[in-house]
Amino acid sequence: MSDDAFTFAPWNPEAAEETGYSHYSYWRSTFRTFIKNRLSLTLLIIMGVLVLFSLLYPVLASVDPNKVALDSSLWNRRPDFAHIFGTDGLGRDIWARTWYGTRTSILLAFTIAFFDVGIGVVAGALWGYVRKSDQIMTEIYNVITNIPSTVYLILLSYIMKPGFWTIVIAMSSRGWITIARFIRNKVISLRESEYNVASRCLGTPLNRILGKNIIPFLVSIIIMQTALTIPYSIGAEVFLGFIGLGLPLDTVSLGNMVNQGRSNFMLYPFQLTWPTVILAVITVSFYIVGNKFADASDPKNHL
Amino acid sequence: MTETREKILRVEDVVIRFNLRGKELTAVRSASLDLYKGETLAIVGESGSGKSVFTKSFLGMLDKNGRVASGNILFEGENLAEFTREEQWLKIRGRKIAMIFQDPMTALNPLKTIGEQIREVITLHRGMNRQEAREEALAMLGKVGIGDAAQRYGQYPHEFSGGMRQRVVIAIAAACRPDILICDEPTTALDVTIQAQILENLKELQREMGMSIIFITHDLGVVANVADRVAVMYAGEIVEYGRTPEVFYDPRHPYSWALLASLPQLGEKGEDLYTIHGTPPNLFKEIKGDAFAPRNPRALKIDFEEAPPWFAVSDTHFAKTWLLHESAPEVEAPKIIQRLKEKSLKGLDYGS
Amino acid sequence: MSRYIVKRILQSLLTVVIVVIAVFLLLRLMPTSGYFTRDDYINMTEEMRSAYLRNLGITDPAVIQLQRFFAGVFRGDLGRSITVYPKLPISTILAEKVPYSLWFGLASMFISVTLGFGLGILMARFKDRWPDHLGTAYVVAVRAIPSLIYLFLIQIWVTGIMRWPMVFYEDRPVTWILPVVSLSLTGIAWYGIWLRRFMVDEENRDYIKFARSKGLSQKYIMRHHVLRNAVVPLVQYLPVQLLLTIAGSLIIESIYSIPGMGGLLVYAIKQQDNNLVQVLVLIYAVLGVAGVFVGDLLMAFVDPRIRLAEKKKKKEALRV
Amino acid sequence: GETPDQYRTTYATEVKTLNYFLLLDTTALRVAANTMDGLVENDRYGKFVPSLAERWDHNGDFTEWTFYLRPGVKWVDSMGQETAWEVTADDFVEGMRFIAEPKNGIKNVGIIRKVISGLNGYYWDLVDIDDGVDIGKTREEALASFDSSVGVSAPDKYTVKYTLDNPTPYFLSYLVTELFFPLEKEFLDSVGAEDFGTTKEKLIFTGAYYLADWQRDKEIRLAKNEHYWDAGTVNVGEISLQKVADDSIRVQMFQRGEVSATTLQGDQVKALEGTKWAENVFLDEKSSVTYWFAMNYTSDNPEARAFINNVNFRKALYHGIDRAKLLELVNPYEPEALLRNTIIPEDVIFDENGQDYTDYPLLKEVKERRTYDRELAQEYFQKAVDELTDGNGNIKGVSPGTVDMLPIAEIKADGKLPVQILFVHPTDPTKTREALLLQEMLRDTFDGQVELVLGQYVDDKYNDTIKPRRFDLLYDSFSFKYADPMAQLGRLVTDGSVNDGQYSFPEFDKLVEEADGKTSLTDRYEIFSRAERFLIDNAVIIPWQAGGGAYSMDTVVPFSTPRGGFGVTRFKYKGMILQQNPITADQYKMLEKAFRADLAPN
Amino acid sequence: MAAEDKREILLEVKNLTVDFKLGRRKFSAVDDVSFHIYKGETFSLVGESGSGKTTVSRAIMGIHQASQGDILYKGESVSGNMTGSQERKFRQSVQMIFQDPMASLNERAKVDYIVSEGLYNFKLFKGEKERKAKVERTLRKVGLLPDFASRFPHEFSGGQRQRIGIARALIMEPEFLVADEPISALDVSIRAQILNLLNKLKKEEDLTYLFIAHDLSVVRLISDRIAVIYKGKIVELAESEELFRRPLHPYTKGLLSAIPLPDPESEKNKNLLIYDPSIHDYDKVPPSWCEAYPGHWVLADERELDLWRRR
Ligand SMILES: Nc1ncnc2c1ncn2[C@@H]1O[C@H](COP(=O)(O)OP(=O)(O)OP(=O)(O)O)[C@@H](O)[C@H]1O
Ligand SMILES: Nc1ncnc2c1ncn2[C@@H]1O[C@H](COP(=O)(O)OP(=O)(O)OP(=O)(O)O)[C@@H](O)[C@H]1O
Ligand SMILES: [Mg+2]
Ligand SMILES: [Mg+2]
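If you read the sequences in order, they're chains A, B, C, D and E.
In short: position in the first sequence from 1, add 341, done, that's my numbering.
One point on numbering: in my numbering, the residue at position 172 of the second sequence is 165, and numbering is uninterrupted.
In short: position in the third sequence from 1, add 33, done, that's my numbering.
In short: position in the fourth sequence from 1, add 15, done, that's my numbering.
In short: position in the fifth sequence from 1, add 85, done, that's my numbering.
Worth flagging that the hints you see were computed from the coordinates, not collected in a lab.
C-beta atoms are modelled at their ideal positions from N, C-alpha and C, and glycine is treated no differently.
Keep in mind that the hints are not guaranteed to be accurate.
[Claimed, not checked] Here are some chain D residues pointing at chain A (derived, C-beta under 10 Å): (1) Gln270; (2) Thr278; (3) Gly281; (4) Lys285; (5) Ala450; (6) Arg458.
Between the sequences and the hints, there should be enough to build the whole structure, so can you do that?
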């Protein structure tokens, strides 16, 4: 050890201020945290492939999912090379129908989720932040949640013509409120937080407070709610099909297929099995991926 | 003096590591400590320096992702660092070593009455029946200065003020009649007036029960009040320890200097206070040399190379700094510290 | 406290009234043919029909109709069904159907709560180990897969394997099992996941750490602190769920041929039995609102912090 | 082995009422058929035999019929106990009084209004009074005139006499309908007309069974009436009708022995191929119900309206629809067997010479022809297109626009070929598949120039579809009410009660009127056959298939129950014999052969 | 004395009462409080937890509505409804430093936005370049590196965060800073940094402070005048050294005696005075706000005033 060791080292107070962290990006960290989980990554890939395939299938393949066979020997064919998933009672190709159905259901679910979450977030943020709105919104909430969802769905799909948009309207005109409620509760806890008080002291206008101080904190809730809405909407379509108010016949949807397959399940199980498997894979994936993504989007879990 | 007293706890070179999503964090890096029977030892140091983690390891209360990586914790002939099973700890916790946590608001179960919460430890550790336990609990409440104990017994925590809650927590911990009581910043959340009262209560209890206390705080005023001995902790290491007057009046480690010097009580109106620049080291990284060196304006070159060993200042006073090495340049403690004694005696004697 | 209760009751009543009015107005959007039995409709001339509607009061302004409806309800007269069970007093229909849904609901609730709590405890206890993963898989499956599918498969397969009857027969206890179990599946998942969540939250609380440092055993803490406290927030939801068991389950009652309330509403809407729809909505709304209300009261009962919420703040304000 | 004592079957939708005068569906029909006896009944060969009437006679021109009751028959209550009331001639008068009251809303009463003398006038008088029309009588006076003006009377306790407006040799076929069931006045008064039949306690019975239990949405249970006048012929002690709304499991329930009978769809039969159950599947007898395609001549959809009002297009449909193909969905093996080309069913109406009405030359030809002819259909279609379009595919007189037929459908009529036709069907899976198949079939036959738009009614065909006229094409059906062509053709005239398409063909109306004036059966049937032929030749409606004839699995010994095309007969279980195991197709064929042999001498 | 009175009064709080509703009950968190702050001075408010310090500061900031009384800033009332331009001016020139640096920074916004939030609100810059320059200048002023602007708050230590909070206030070039316990959430070793910074700013920018704390040793160091608040009422007000030298009100005495001193010897001999409100006998004669010595005010009745003066 040289004597030099016992002399003073140069010192710079500014350098001491440097923090240990590197530059941080919220979304990058979210994504990095997310892909660390192998299960959710796998499911995300599966889901992505299924969704992509269902969107591309109509472009790639020329099989008409609604093509009815006049030749009855083509009806109820078990899976074979010509028809990978077999055919249904009218000789329609289940493979093609499954993909068309998946597409419909996914589009439906995304649309519903879009409206639900979109309206829910805005309404919920206002509800939570603007005190005056609380009473009226709470009453709206009470009213909407106290009309049983079945009544509501059925009434609406009865009053309007069954169809894609009817289901969207029926689901979203009700679904937003629960999301809004979630958001509201969170917003209320954020509303009085110090940094909002600080913003108010700085004279920040409401829209920027919402946009900068509130909404960014809701990302994980928003993702979570979206993720929950999607499987729920798919399920609701199946349910509406069950009570006879689903999508019209010429729209191939998983709901329609499940209900048709169900009535023949004992006889031709394959007609139910494949659509169900695809449906289950999609809904479960959405659910799990959504949950994990919501977890990942919480900066507490970032490292 | 020291030698005559019995060492009740000996902690040697304890290293505590946490596993945080695949990364290893070293919260305590080779910390050692002795505790004598009946004394009060204060551990001071800034936030995050590992005070809580260190003492929690005496009770096996580390979070699940943490472990004592090496070192010994010797208590009553057993090495607590080697405990693996929950049952082993159950013999220690509460009845031998008890702990009081920082926040009185959250340390009590909000859904159980105060009485139940005291009684459950008394029945568990002292084998009393319900009635006896109740009597004892009431007595304990009285000892920590809660009047009206009989009525308070059946109330819920939210019906108590913060100060009273903290007294209840102390009562619970003391009700186990432990040999060692660890108080982890038991008064930081409280008002100065209440804090002062609670410290009195604690001292009272200690006198009565003869237990040893480890007192964690970063408030040097509190230390001055309660402690027989002080250990200064920085970045997971104990960097200086000694009897309280020794550390207060003759600190040797630059961190101890900085800590004392930045006390507002020592400030002179219109003059800048002494400050510590920079941020504590990243515990994920391996620390080379003296952990405090980057923030120390008077760091030596060797501080960045090699960790200092213990240097004895007196029989009871030790510090881990190269400045005590014989070849080190003469460095004076900041003036303000040198003035501590006189100043505190003069100026701060508020008009009574 | 009593002022609070009165206020809450009034508020709840308001909600019920608004719900009923909303549904009432929605029902007005449906064709008036819903007020006729099919045969009446065929046999009547246009004039007879409008006379009939006038007689029923359908053509009156909505306000008056509502007033009449509420007045009837107030007198305990729920009116009669129009198309679903022509002319049958709605109270009779309810008397016939409620018991089934209620018994099934109660049984399944009992099972949901016991098994759900069991599941939750197990998952919390073995957090991040295989029972937790298995439980999570179950919860995810139940939530994400449309119930129609698995309920149906359960019916087909289990009855086949066990050689049980496929549908429900009141006098054969074995046929109660599947519907009750099916009804419980979502409940178990729901209670399980929330209890787990609350227990895990609870376990990380400072007072649990403090309890551990006191030397209380893990088992004791689990039972006397963690579980007890984790159950409290769930208690709030029990009354709603209990009361709404009356509503029955559409899918399960349909596939097991249970003559309960589940399908009634759907059927009434499809048949445009406006009287019946109206009453059912009223009942559901009342039950829902009452459930929330009772839940809040119960919560105040089990959670001392809430019961004394008002007093506490007073004290704190007064205290030094 | 031992023969089972319980017959279990299922139903899908709950009955609205068990008031036996108000039969709305087959479940109620089943209950009425087994709990109520009328004056006469059919035996297992279809012959009219005594029931509550021991014997009867009629005058020479069949306008007065007298029935002599079996004395000592008591009404039975829902506990199976005899009541104090005996079945007397008055009960039949009361029954008639009940259905003649418009307020009771008995839907089938129209069938006999013009048969029983005075009934029509009496009924409409009451309606007029209720509508506020001044007819010079009060309601009380009108009601009081029943006994004097309506042709039913009770000369003594056990004699019922009916006076008819016209000679009616087939009068007995009316008597097996619910309209001629008796009604105990004192009982009715005790429960009130409003509540009659709303619960089991609000009914009493005269039939082989009594209603032992009626639990809505669960089960209707009929138990053997120990006091039945003909108890000896009742072999099965209990009949249980269970509600199974979700019918996807019915076949499974039969296989597991939970129900005694089931019908099967074509798919289901196919799926049983190669299993042990295959041999249990047999084809049930056809019924007298006929299904046909109705077309809406006054549709809001201008494209369809233009084409449907064109005879060539209708003929194109007549020849273009491969009805047998559609039936493959229910009967994959011999779909032709279910076809019916005529409106009036075969085997039910016979003239004085015993000749079947459908064997009259004009109809015999129709009956035996194959209607499906692709080339012919295309030819007709081309003609229709030539007549209706301007040669560029634009339909003359049709401007583009949206046709609101909501909630069934909304059609974007572009006034161009392909012609869009709204086909409405119920939601059930088989009917849906039929619709899809029909759609494809028409597309195929007419080269995509005929496009079926599919619409579904959720619950009620009449209210949702026919009444608001939200259809272009629809399959309709009617049940046969009495043994005369008038029963059907009379309702198909302009403004007739089943003229759902609202067409008007004066030639046809005239023929029907003319035929109905004839008392000689041969003359009558000859003219009716011309009328029927007119409808078919002009494809005014398109007959399609016979009712019944479904694939079934059953434990009822075939041909052991009463047989007949009218009223409640088909649903009677009196005399039914059950066997332990499902009957096999071979067994069915063997018994059928024996039965036909027995039948011949009759 | 007379000279002092000529000093410009920047803020005046007159008979301020702030009520809160607790269920149906009302209680006054701040009860008839009056004081004024001269331009350029540091005025401190001390008192135990829950005594109403924060409420006073928030009432000044317009976060809580005053139930009674008035707050005048530069002679204009700011407690009622201000006009738009008044409010803009007020919000620009009065800024607040918050107690908890963890909670008072928006975790999802970059430091750049946090610091320039006020600039955005009042459009206080011409172009992006000017804004960036301002941010950089201000960060430097509080001793932070300019490139911190692109980071998120959680990357900083407590002291650094607090300085970000101060930068956010300073960038508005305020005249008056309300600091509600700006150091109590900080570690001892960091407190000094902030105190130094506040002092420096006072000197360099001629800032006026309302400083709130319960730690009297800090208050003594930094303030010109101190008011002691107890249960919503100010019980004593005096120049800083005067108050420490000659505390009158028993509550003030208790407070002073409880301060822990970093000195083992004096702590050994510590004499804790516990304030017991029941020593007052205010039932008949309510206490009044009296000037016991010049500039030294205390809440007392005649008898007490006499007694305390005599000692
Ligand atoms: N469960 C854990 N997982 C990961 N890191 C932890 C865990 N518990 C503590 N640490 C880390 O260990 C270090 C020491 O923490 P500790 O709580 O002992 O500090 P302290 O000195 O008690 O601080 P304070 O005065 O704030 O209580 C900190 O950096 C902390 O982040
Ligand atoms: N928004 C509010 N609603 C109801 N009561 C409140 C509200 N804010 C404060 N209080 C009450 O007013 C009283 C004064 O509170 P305040 O926060 O001003 O005290 P403080 O002196 O700042 O205390 P601390 O030192 O703990 O910050 C307390 O009893 C508090 O509970
Ligand atoms: Mg700690
Ligand atoms: Mg405060």
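How the hints compare with the structure:
1. Gln270: Glutamine 270 of chain D check passes; min Cβ-Cβ to chain A is 9 Å, inside 10 Å.
2. Thr278: At about 14 Å, which exceeds the 10 Å cut-off, the nearest Cβ of chain A leaves the hint on threonine 278 of chain D violated.
3. Gly281: Holds. Min distance 8 Å.
4. Lys285: Given a least distance of 7 Å, the restraint on lysine 285 of chain D holds.
5. Ala450: This interface hint holds because 8 Å falls under the 10 Å limit.
6. Arg458: holds, 9 Å
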